[in-house]
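Chemist: Respectively, the protein sequence lines represent chains A and B.
All residue numbers for the first sequence refer to the UniProt record's numbering, where the first residue is 1 and numbers rise by one.
All residue numbers for the second sequence refer to the UniProt record's numbering, where the first residue is 1 and numbers rise by one.
If you are wondering where the hints come from, they were derived from the structure by calculation, not from laboratory data.
Since we're looking at a predicted model, the values are computed, not measured.
Treat the hints loosely; a few may be bogus.
Since copy identity is lost for identical chains, a pair holds within one copy or between any two.
Unchecked claim - Here are the simulated DMTMM-like cross-link-like pairs (lysine to aspartate or glutamate), alpha carbons at most 20 Å apart as the crow flies:
| id | residue 1 | residue 2 |
| --- | --- | --- |
| 1 | 160 | 47 |
| 2 | 145 | 42 |
| 3 | 210 | 47 |
| 4 | 160 | 32 |
| 5 | 192 | 258 |
| 6 | 93 | 103 |
| 7 | 145 | 259 |
| 8 | 145 | 32 |
| 9 | 135 | 199 |
Number of protein chains: 2
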Amino acid sequence: MASVAGEGRSRVLVIGGTGYIGRFIVAASAREGHPTAVLVRDAAPADPAKAAVLQGFRDAGVTIVKRFFPSEYGNDVDRNHAVEPAKTVFGGKAHIRRAIEAEGIPYTYVSSNFFAGRFLRSLAQIGVTEPPTEKVLIMGDGNVKGIFAAEEDVGTYTIKAVDDPRTLNKILYLRPPSNTLSHNELVSLWEKKLGKTLERVYLPEDELLKKIRAPLNVALAISHSVWLKGDHTNFEIDPSFGVEATQLYPDVPYITVDEYLNRFL
Amino acid sequence: MASVAGEGRSRVLVIGGTGYIGRFIVAASAREGHPTAVLVRDAAPADPAKAAVLQGFRDAGVTIVKRFFPSEYGNDVDRNHAVEPAKTVFGGKAHIRRAIEAEGIPYTYVSSNFFAGRFLRSLAQIGVTEPPTEKVLIMGDGNVKGIFAAEEDVGTYTIKAVDDPRTLNKILYLRPPSNTLSHNELVSLWEKKLGKTLERVYLPEDELLKKIRAPLNVALAISHSVWLKGDHTNFEIDPSFGVEATQLYPDVPYITVDEYLNRFL
């Protein structure tokens with residue numbers, strides 16, 4: 001009914017739609033025939049006044065939206081040992097987490113680790129745009145494990161989580177087992193596909209830290225967090241705060257690093 | 001079609017849906033049968049790659065959402081002479097304005113001035129919950145004009161603005177002529193309804209500033225901005241940045257202060 005009544009009128013989403021002024025905006029929107037949705041903290045509030053407001057919305061054909069996914073999609077911003085400038089970037093996202101929690105807004109945080117499209121083409125080197133064929137720069141000793149996820153799969157797992165009670169107020173981690181590998185293992189996989197051995201140049205931590213600082217380089221600092229500090233894999237996912245995507249959705253045929261690398265041959 | 005396919009699946013709104021990871025989330029959402037909407041900066045981008053992404057969304061039945069209304073609904077946060085703590089509150093909202101503009105997100109800011117429900121019951125006194133029948137406290141000389149708008153009308157004008165090209169990237173001011181009056185005029189109106197004269201106690205600015213500071217009182221500081229500095233009415237609305245609601249929508253029968261006060265008799 002809303003979509004017929006709403007022909008030609010924009011869809012309206014009200015964040016805070018049961019609040020002091022939000023409820024009047026929602027009422028006007030529904031009355032004027034806009035397909036209307038509200039983001040609410042609690043779709044079944046104990047407070048009878050709030051419950052009555054929500055029932056009024058439902059009677060008016062308003063859609064109740066129940067969960068917020070802030071834009072994160074990288075490291076877990078609450079569990080890392082990042083240096084600047086990544087520290088500040090992660091800190092900003094953690095600050096948004098705290099605001100969401102303080103407001104009691106239902107959430108899912110998605111920690112998808114390395115984007116395959118950004119980090120695999122260069123074989124996890126920063127400032128490189130093509131896959132290496134001669135030489136590859138490895139940060140640290142190359143034995144710390146990082147995690148990659150194809151962007152398509154980040155989309156799929158995120159959307160799977162939308163209506164899933166198991167991901168409510170949890171961090172959804174993407175840790176596809178086949179995509180959890182060290183920089184050395186990644187290089188070996190690529191060497192096998194190339195049919196040749198690359199020269200591996202190892203960058204010690206102190207030199208990496210110097211490169212991160214002058215000028216400040218956020219991609220290098222994130223790489224430091226992952227390859228030197230192990231921040232993709234150095235903690236267990238406790239059910240009190242998190243769930244793992246490939247375990248929740250074993251039927252999703254995720255793209256493996258092995259398959260993804262074939263795109264660059 | 002989206003609503004049938006989406007039965008039982010939550011509505012999904014993606015902010016930044018044409019971005020690096022957003023587009024994959026939108027694609028997964030539409031594919032999984034969620035009624036899906038995206039907030040975009042530009043619904044007809046010149047960049048052919050962005051245009052192709054948007055066309056793909058439309059082909060998948062995705063709704064394009066085009067404008068953001070941040071939560072403001074008070075003073076114009078860019079045009080005021082507020083003292084602390086109101087200065088910081090307004091500054092926070094101005095900061096959000098700058099972020100919206102920097103990102104190129106289409107917007108409308110609604111400056112609705114005083115909420116009638118919050119400010120009329122007390123006859124614009126702070127910390128008072130019932131209409132005065134003997135004595136009324138007036139800040140300053142009581143001759144500076146402020147503006148009131150009923151919450152219902154704030155909702156109505158806001159929603160009128162949603163699809164109106166005249167309010168795109170503009171501040172929508174609510175300045176209903178019948179609701180623009182000084183504190184003295186407001187008291188006189190109430191006295192006429194009561195059929196008696198109230199004792200008017202005038203609070204000079206220096207005493208008001210002391211009351212604002214100990215302890216910090218945001219409602220008093222906003223009142224200072226309005227009744228001492230005249231921030232509801234001390235500037236013209238230039239078409240380059242703003243439009244006025246009752247002029248844009250003369251057919252909306254707004255609730256006057258005179259009518260609103262009858263609720264308290």
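Chemist: If any of the earlier hints don't hold here, list their numbers in rising order.
Modeler: 1, 2, 3 and 8
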